[in-house]
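K.L.:
Numbering-wise, the working numbering comes out as the position in the sequence shown, counting from 1, plus 634.
Worth double-checking, as some hints may not be accurate.
[Unchecked claim] Within a straight-line C-alpha distance of at most 20 angstroms, the following computed EDC-like cross-link-like pairs (lysine to aspartate or glutamate) qualify: (1) 772 - 749; (2) 691 - 749; (3) 760 - 749.
[What the hints assert, rightly or not] For each label pair, taking beta carbons as the anchor points, the in silico distance ranges come out as: (4) 854 - 706: 31 to 39 angstroms; (5) 851 - 804: 40 to 48 angstroms; (6) 661 - 758: 44 to 52 angstroms; (7) 721 - 755: 30 to 38 angstroms; (8) 677 - 755: 23 to 31 angstroms; (9) 701 - 677: 17 to 25 angstroms; (10) 762 - 718: 24 to 32 angstroms; (11) 658 - 701: 37 to 45 angstroms; (12) 681 - 640: 46 to 54 angstroms.
Hints are computed from structural coordinates only; laboratory data are not their basis.
Cβ coordinates follow ideal geometry from the N, Cα and C atoms, glycine included.
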Amino acid sequence: MNLFLEAFAWMLAPAQWTGNYALPKLLGEHLTLTAISVVIAAAIAVPLGWLIGHTGKGREIAVAVSGAARAIPAFGLMILLVLLLGVLRVPQAAVTTFVLLAIPSLLAGAYTGLEAIDRRVIDSAKAMGMTGWQIFWKVEVPLGLPLLVGGIRSALLQVIATVTIAAYVGLGGLGYPIIQGIPLQRFDQVLAGAILVATLALIVDLLLAAAQHLAVPRGLRTGGRPSRRRSRSLTPAAEPSTTEPSTTDPSAAESGQTSVVTQPATS
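Use the sequences and the hints to build the structure in full.
P.N.:
Right, here's the structure in full:
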């Protein structure tokens, strides 16, 4: 418990809010690296995933590549790219690492969103005369958007957690207190950095969870059921009949004519 109190005391100290390594500045660097990496990864993975989901071809290759990319150690890959590209291209090496980390989740979210659509919906759109592009943009993309947002959510959380290693190569971010505090044995500082990264990830997760809920089409969110007020207005009230079964007049029957005589209902 004392360590947690010391970590919060370290975060609230005035020295952590000014200077080149102030927490707001580190937060901005962390968010910048995360946003750039996820945007580049989305530009690569989302169109490819939509193509796979729309055509139904290449799914096995996408699954294999995604699984292999998830198994790559991010820290080792970043160090390798820094050695290959040189110290003058450290930002490019780090961003490349984070892009490769984000692609699998984005790719899976894009093509599974389209694959999860009921084929009867697609057949109905074709029967209405919609072209292939109209089906894709007006049917498949809106219905597959919730799973795509789920893929973005997963990718962002993974990148936010991994961007902490960027401080190891001098790129700053919220991982800087952790990287700096380990050799100094400043465990309060290390814990404070971990708390900041976890808090940022939690806030982003909550925001994207709300966005994923809003991405579901309104008709699917309500289950496709009409409102109670509307159902009442559309259904006429059934009232009991006030007439008794009709009877035939015998005299009219003898003359070949039939007349219906109704008797009022007795209360």
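K.L.:
Next step is simple, just say for each hint if it's right about the structure.
P.N.:
Status of the hints after comparison with the structure:
| no. | hint | verdict |
| --- | --- | --- |
| 1 | 772 - 749 | holds (15 angstroms) |
| 2 | 691 - 749 | holds (11 angstroms) |
| 3 | 760 - 749 | holds (17 angstroms) |
| 4 | 854 - 706: 31 to 39 angstroms | holds (36 angstroms) |
| 5 | 851 - 804: 40 to 48 angstroms | holds (46 angstroms) |
| 6 | 661 - 758: 44 to 52 angstroms | holds (48 angstroms) |
| 7 | 721 - 755: 30 to 38 angstroms | violated (53 angstroms) |
| 8 | 677 - 755: 23 to 31 angstroms | holds (28 angstroms) |
| 9 | 701 - 677: 17 to 25 angstroms | holds (22 angstroms) |
| 10 | 762 - 718: 24 to 32 angstroms | violated (53 angstroms) |
| 11 | 658 - 701: 37 to 45 angstroms | holds (38 angstroms) |
| 12 | 681 - 640: 46 to 54 angstroms | holds (48 angstroms) |
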